Each structure stands twice: as structure tokens, then as C-alpha cells.
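**Q** The chain contents come next:
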Amino acid sequence: MQTPTDEQLLSDHLTGRTDAFELLVRRHTDELHRFVLRFTNSSAAADDVVQEAFLQAYLSADRFDPGRRFRPWLFTIAANKARDWLRSRGRKSEVPLDAKVDSDGDVGKTFADLMTGAEVEAGAVELQAGEQRRVVRRIVESLPDMFREVLVLAYYHRFAYREIAEVVGVPVGTVKSRLHAAIGRFATAYQEAVGVEDGDEAEVGRWS
Amino acid sequence: MSDKQRQFDMDEWLLDSQLGQLTDAQHREVMEALRKNPSLAERDHRLQRLLQPLDAFTTTPPPNYLVDKVLDRIAAQNEDLPVVPESALMSGDDYGDGRRSVFSFREMLALAAMLTFVMLILVPGLANVRAKSRQIACADNLHRIGQGVLAYAADNTNALPAVASAAREGTWLRDAKTTKPYAPNSRGRYLLLRLRYVNQCDSFVCPSHGDAKPLAVPNAHAFSDFPDPANCSYDSQNMAGPSVRLTSSSDLPYMADANPLFEGGKFHAIDPLRSNSRNHNGGVGQNVLFLDGHARWTQDPNCGVRGDNIWQAGSLRHYRGTEKPTCPEDAFLVP
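Chains as they are written, first to last, in the numbering used here: chain A, 1 to 208; chain B, 1 to 335.
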């Protein structure tokens, strides 16, 4: 028997199948929790946001557009709530004034520079697994919210660009520009954290 | 199209390929191009090396209870609310455009009267409900801290957070009658905040403890301990004793509501076998976090390994602040 799609389950739920929404909850809790955890870096927020997101999805199920896909819709709800949480915590989501990226997406230099830089790992200190995890987590956490959100959706959850655009509420071009900027900033910060040889430092510096 | 633009397009294509954004046909095309063009393959390799560290950012799985919590909240929603369209809830009375209020003014008055009546009946029970809800919030705190402990141990070869070298030479009791230096056990717990394994300062504050107050500084990492004892209402395993690691007995209590023997930083000669933490209603029970990461409410302080008491070291009854657990399975939770 074929596994029902998310959209079929939601439709079944709306027509009165009692366990259909529960199946959706069981299917998506793990991934949704991982997304919010990486986005907010707080397990407490992840617990709360996941609950709130499913509750809102449940209450709004009758307004779901059957022409759309359920997963981006659910992530849109969770992302909104996670952004609210970050705002309530005083996190800044604005891009600093010296960021080499504009909101419309022209970040060609950033990405091109990144790709033409010196051998990225040259001189880098090998890190223990635990230390590397800590360093990477801190760098991702330090990215502006708008960059981190797109990076997490694209890299860890493999959302298509148009789906990320739907979740974040910006054009596809902006999604790409934010992603390129996020990768550039991450690479720069990571190289700084693990150490690079003098000759490479100037190249790395151009990436961000 | 300039060479630079063409190069940028190719780079973008490589990134799309790495992120699984291409169709199968497009992906095959990229693979073919990489095979034929060594410099392109080199750029692809460079990109892989850039992205690879991101894989180190692993996350802990959600707590086991999360799905049940979501389903409980949905069930509660079904019980609490009439199933009506949201648009109807937002509208007022009949506006002549087909929308109509769910309740008329008269129905609202009747509802208010009923609610008042029900409240009068329920008020005596509300205190208990509030106490119960604070107990649950307190257990949630410990669970969150437990997740932080697991993450810390995962990054530190199963070691538990501790500043043991200082504790071994000093006293962990603030008002101890000894000349030894004060080396609070709470420094170990504070590592979780300082190193951001636990992100919220209020996770260390039991909601039932009236005098407790969350640490309210923007730079928790600049401190080495909770600046005020009121910033942490939980006590944890005395790490100055025999080495305890995450791989030690999974049912070893690691942290709990404050030990009543050492309340206020002083020793109180009370019976540890019959005393509960005073965090909850003066001593009705305590939440306990175990090494396997689960937290539970208990009214019995003898809930350690094989019925071990969590407040005392071995069976000692008097303390000077230098006592330690007698063996790795002896829970001895201290400030």
C-alpha cells in the first residue's frame, strides 16, 4: 500500500479521518524541531515553536490551499513563530551596514570571490569533532537571522529555492543572494576560527 | 556573456548541484562537465571543502514527549473550543454581509454568569492546579538542563560539567566552619550556561521557589559561577568525589530541587531520609534529573541507585562542607 502524501493526510483530516493529523505530527516533528533548534539555537524555543506551529496548522487546516505543498506551509508557520521568538529575545535580524550584500540579491562578488579565493583549508588547524561542532554552531548562530534561516533551510533541509522563498516570504533571487552571503560569511568565520596561513588570510578576507 | 559572468553562473550551478537543487538531467550534465573539465572539478572540490564543516552542526533529537505534547494540546483545543470558522469569531453581530457573531449579547451575559459561578466553585482548587503546573514547569527546566548535560558530555568524552580541581581542595558549603577556601559545586552547573549548552538563564530557576530569580546579565560567559545563589534553585551531584561520567549508572540522580540540608548555604541537622526539598510548597516533593536525561517528580528522597538517599553522602548525618560521595553510585546533591 502506498504511503499517503502529506497533502492527502491533510485532506483526510478535513474530511473527518481522526488519526490523519496525528500522522502528520509524527511525520514532521523531528525535522521541524531540528530546523527550529538550528534557527533559534534554543531547545526550549524549539519545543515551544514546534507545538505552536502544529497547533496553528491544525486550526488553519481548512484554509490550506490544496494546490500547495504541506511541508513548506508548515515550515512557514514555524519560521514565523521562530522569528517572533528571536525578536522577543532581542535578536537582531538586520544585516549590518557593512554587509556586502543588498536585499535584492546582487552578491555576485561575494560568491565569486569565495570561489576564486586561495585553497580554503590551507593552514587550517584540524579540530576535534566536539570542538568543530562547537565552533560551527557558534558561527551559524552568529549569522544574521535572515542568512541563517536560508542556510538552514537550504543546506540541512534541502528545500528547493522556490520553497524557501515561500517560507521566508521573499523572491527566489533574494533567497539565492542570502544563501551566497551566508556561505561566504560562514567560510570566512570558520577560517578565522581554525586559523589560516598569512598568505591565505587576505584571500579569505575578500569572501565576506 | 562575459567570462566572469559565465564563471559565476557555473559556480552557482555547482552550488545548486551540491544542495540538490537540480533535476536529475541537470545533475547528470554537471557530472559530465566535471569529468571533462579539471578546473571546474577543482572549483567543485573547493566548494565541497567550504561546505563540509557545516555537517558538524548536528542537533539532538526532539524529546520523546514532544509528539504527545503536541497531540495533547490539539486534543485540549478540541475540548475547549467550539468548532467555528475563524472568520465568524472575528466578526461582530450580523453585519448584513452574511457574517454573524457566534454569540449574541444575551448569550455572552449568560456565559459570563456561568463562568463566575464556575470560578467560585473552582477557586479553592486553583491553587493546587497552579502548584501542579509549576511542578511540571520545574521538571521541564531539569529536562532542558539534562539535554545540555548530554550535549556537554557528547563534546567532552562523556565527562560531566565540573570544575573539580578547585572543589577537591576547598569546601562546597558557603557558610562552612572551616578554613578551607570556598569552591562551590555550582561552578560545574554554571559551565552549561557559560558554554551555552543551556541558553536560558531561567531554566535554572524553579518556578515554585518564591525567592529565586533568573540571572539577568547579557554576558553570562564572563562569569565563572552564578553571581547570586538565588540564580540557581537546583543542586547537583558533588563532583569532588569519585569520577562520575555520562556512562556511569543511568539511574544516578544528577540534579534536583535544592537539598534541604544545605538551604541558604548552611548545614541544617534534619533527617535526610524524610526530608523533601523546600522548593515546592515547603517540602512536598522534588523533581529529580537522572543521568539518562529524564526528569521526574518524586515525594521520596531515597530515589537514587538501589534506594540511595540523594541528600546525603553515604549515611553521614553531619556536614562541614568537605564531604564527598562515597562511591560513583552515591548521589550527593549539593549547592
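Heads up, some of the hints might be wrong.
[What the hints assert, rightly or not] The calculated lysine to aspartate or glutamate pairs, modelled on DMTMM-like cross-linking and capped at a C-alpha distance of 25 angstroms, are:
1. K69/B - D6/A
2. K69/B - D9/B
3. K132/B - E42/B
4. K177/B - D140/B
5. K69/B - D30/A
6. K180/B - E169/B
7. K36/B - D68/B
8. K324/B - E31/A
9. K132/B - D48/A
10. K132/B - D68/B
11. K213/B - D30/A
12. K69/B - D84/A
13. K69/B - E52/A
14. K180/B - D225/B
15. K266/B - D292/B
16. K69/B - E192/A
17. K213/B - E169/B
18. K177/B - E323/B
19. K180/B - D202/B
20. K69/B - E22/A
21. K69/B - E169/B
22. K132/B - E52/A
23. K324/B - E263/B
24. K266/B - D6/A
25. K69/B - D12/A
26. K69/B - E31/A
27. K69/B - E131/A
Treat the hints as calculated values from the structure; they're not laboratory data. Owing to the predicted nature of the structure, the values given are computational and were not obtained by experimental measurement.
**Q** Hints first: check each against the structure and report whether it holds.
**A** Each hint tested on the structure:
| no. | hint | in the structure |
| --- | --- | --- |
| 1 | K69/B - D6/A | holds (21 angstroms) |
| 2 | K69/B - D9/B | violated (47 angstroms) |
| 3 | K132/B - E42/B | violated (62 angstroms) |
| 4 | K177/B - D140/B | violated (36 angstroms) |
| 5 | K69/B - D30/A | holds (13 angstroms) |
| 6 | K180/B - E169/B | holds (7 angstroms) |
| 7 | K36/B - D68/B | violated (53 angstroms) |
| 8 | K324/B - E31/A | violated (43 angstroms) |
| 9 | K132/B - D48/A | holds (19 angstroms) |
| 10 | K132/B - D68/B | holds (19 angstroms) |
| 11 | K213/B - D30/A | violated (33 angstroms) |
| 12 | K69/B - D84/A | holds (21 angstroms) |
| 13 | K69/B - E52/A | holds (11 angstroms) |
| 14 | K180/B - D225/B | holds (19 angstroms) |
| 15 | K266/B - D292/B | violated (30 angstroms) |
| 16 | K69/B - E192/A | violated (42 angstroms) |
| 17 | K213/B - E169/B | violated (30 angstroms) |
| 18 | K177/B - E323/B | holds (13 angstroms) |
| 19 | K180/B - D202/B | violated (31 angstroms) |
| 20 | K69/B - E22/A | holds (12 angstroms) |
| 21 | K69/B - E169/B | violated (45 angstroms) |
| 22 | K132/B - E52/A | holds (22 angstroms) |
| 23 | K324/B - E263/B | holds (18 angstroms) |
| 24 | K266/B - D6/A | violated (58 angstroms) |
| 25 | K69/B - D12/A | holds (22 angstroms) |
| 26 | K69/B - E31/A | holds (16 angstroms) |
| 27 | K69/B - E131/A | violated (33 angstroms) |
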